[in-house]
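Student: Quick mapping for you: the protein sequence lines, in order, are chains A and B. Here the first sequence stands for residues 1 to 479, where the numbers follow our numbering. Here the second sequence stands for residues 480 to 782, where the numbers follow our numbering.
One thing to keep in mind: the hints can contain errors.
Claimed, not checked - Restraint ranges, calculated between C-beta atoms of paired labels, are given here:
(1) 96/A - 606/B: 35 to 43 Å
(2) 340/A - 511/B: 53 to 61 Å
(3) 267/A - 521/B: 50 to 58 Å
(4) 387/A - 618/B: 29 to 37 Å
(5) 564/B - 331/A: 27 to 35 Å
As the list claims (entries may be wrong) - Coverage of chain A stretches by chain B, computed from C-beta distances (three or more under 8 Å per stretch; other residues unrestricted):
(6) 122-132
(7) 299-312
FYI, nobody ran anything at the bench for these hints, they're computed from the structure. A virtual CB, placed ideally from N, CA and C, is assigned to each residue, including glycine.
Now for the letters of each chain:
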Amino acid sequence: MKKKRMLALGLSIIMALSLTACGGGDNAEKQPAQETQETQKTQEAEPEAAPEADTAGDTAEAEGETEAAEGTDLSAAITLWTYPIGNWGDSATVESLVASFNQKYPNITVTVEYLDYTNGDDQVNTAIEGGQAPDLVMEGPERLVANWGARGLMVDLSDLFASEAGGEIYESVNSACKSSDGKYYEYPLCMVAHCMAINQNMFEAADAMQYLDAENHTWTTENFLKAVQAVYDSGQENVGAIYCSGQGGDQGTRAIINNLYSSTFTNAEHTAYTADTAENIKALETLYAQDGINFDASINGGEEITLFRNGTLAMSFCWNAAQQINSDNAAAGTTNNGDTILPMLFPSDDGKTELCGGIWGFGVFDNGDQTKIDAAKTFIDFICNDPDQVNESVKASTYFPVRPTLTGIYDGTETADTMNTFSTYFMPSMGDYYQVVPGWAEARTEWWNMLQRIGTGGDVATEVATFVENANAAAGAGQ
Amino acid sequence: MARSSTVTSRSKVLVRRETRSAYLFLLPNMIFFVGFVVIPMILCIYTSFFDSTMGNDTKDVFIGFGNYVELWKDQIFLRALKNTFVIVLVSVPVVCVFSLWVSSAIYRLRGSILSTFRCIFYLPVVTGSVAVTVVWKWMFNNYYGIFNYVGKGVGLIDKNINWLGDEKFALWCIILILFTTSIGQPIVLYVSALGNVDTSLVEASEVDGANSFQQFWKIKWPLIMPTTLYILVITTINSFQCFALIQLLTSGGPNHSTDTVMYYIYYTAFKLYRYGYGNAMGVILAIFIALLSAVQFKLAKEK
């Protein structure tokens, strides 16, 4: 009898353990669905300062003189996993890009799988642990350089940067793609500056347009607060939301807070978090006290955009060029009910806004097969450097090139005016690309948890200090 | 004598053959059981004694019970453990009592009506958890959710409540959704168990003057005890393993008020890459589940 009892207990332990051992598998262990049409354009990545994208006028001359590019007879089958970076999350677009590649390199087969920002990291990490990492992955430096690269999982792409096209890449973008040990783990294709946007019709109805410079897309902190108050007083209860349910779109909350009284998130060396400044504390206290601004722990950046588009909110802190040209639910540049969307720089008290941004490109996982590595580099070289191809590759991202020699990408398209607006008024304001500080994953989580605590009445100075302490502890552990 | 010996020998051969066949039939399942249950379980326990992370240049470092010691100092883990127990202690009894009550009310209904009820209650179980979650998220929406709309409409609340963004409400919202997705199977099982209760026993008790309550408590309840035990164990395990709802709705927030151990395991392992620490949590969770299941077995047996 006792034996049976022991057996029953043992079996129940096995059952329970096995369930926990496999726990999380629902989301974490499934491989990315091939051909998933996930075109969410809310990007989570942020770049460094980028000079004007449309300066110097030469046509694109980007020859990839790397070893990999020489091998037109190279034969390999490689996998590319791509996050939804503009239309790089759309299978029809990517298939056409791959078809172009195969015209030149018919012996390299590229199988594409589409990730989303909710589960993409889990899928890649699970694949890495299972020895099934993709050959190529498309994302930004905070993943390719600061995470997988720093863990020794990526191939050094220095040879691609040594090419003529590689040498043209903006210095700030170049350094964001380089690890602390001087190796390059990302070869960049495109970039964008994340900004904010307002519902112009609501602002006009509240007589709040007087507080902003619509032509230059700028406003001061003082005028921003006056505008929010005016819109709130006009009957719009929810003007803006400091969304903080998760990390999605969190660059927006960092940008509004850092810019309001001109402060920083990290130090210039990217070794420590410095958000506990008097200016940041003042910004958080000001936003918390401001009528019409909600600290909302039930929504993330993507959901905030939805609320902005459907007219629930009068402004969005999670905007960029791709959002402005998005016409999924209404004409580009308008909300679902036709109101005009005006993109704006984040307000700042010194007139010098620093936007967070995104740099996206390719990384190659070191899977131990030199042929595949060469094939992957050949693909990158073709997509990013081939003069006949690169414009289409950048255009597919709906963002901007990372080289000053690439100009007029969107000329002749229906989005040309909008893209010109962004490259003229927004791209020059791109700030420091600080997302490569060690412990970034923990710091992001600490950030939105801090906002949640402030939103429920936590003392701002205490909560910011807790954030910095925890984030720096993670940074110290990650170094 | 020789004949008897031949017969014995033949029967032994037969037994051996049948045993072999039985094991062969079991083999495919055993391969999966060993591959996906036993080995991961052993690896889980083994890795929990290491500081293990992802990377080509990293090596697992043996730290003994270091992860387990750290667990009890980790305020987020302790909060997640508390939340998990709240979910289990609330949802398990409520699910069992509610499903028994519903089943008692419907099990004598005509076939088609009974099937309709079974379908209604089972629908959330067969509907994809993501779809269910999206609908609930919409209903709980801070700005245009139906709960706020109706609540304000009938005067229950003055202003919108941020159901999933407020520490006071978020965990209870999770428990409510978990409840709706958990009752389907128990109701189907109870309806079946109650329908199988020997009517002659019930009729005999009626002749002896037993009232409805006595009939239920003295006759039906003991007879459906195995079903109750199964429901208790399965609901307990499911509640302990509450993960998808948390990930899809709140990511453990606001301020860790909806963190569960399962979600924290996921976060630690897949976001922070602390595999050893995550596995140590898994082992602790498994021990709690096993203990609670053992207690349920024991109590049910005494009953």
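Student: Now tell me if each hint is right for this structure.
Tutor: Tested hints:
For the pair residue 96/A and residue 606/B, the beta carbons lie near 37 Å from each other, so the given range of 35 to 43 Å is met. In this structure the supplied range 53 to 61 Å holds for residue 340/A paired with residue 511/B, their Cβ-Cβ distance being about 59 Å. In this structure the supplied range 50 to 58 Å is violated for residue 267/A paired with residue 521/B, their Cβ-Cβ distance being about 45 Å. At about 53 Å, the CB distance of residue 387/A to residue 618/B disagrees with the hint of 29 to 37 Å.
Look at residue 564/B against residue 331/A: about 52 Å separates their beta carbons, and that is not inside 27 to 35 Å. Coverage of the segment 122-132 of chain A by chain B holds in this model, with 5 residues showing a Cβ closer than 8 Å to a Cβ of that chain against a need of three. Check result for the segment 299-312 of chain A against chain B: holds, 3 residues qualifying (beta carbon to beta carbon below 8 Å, three or more required).
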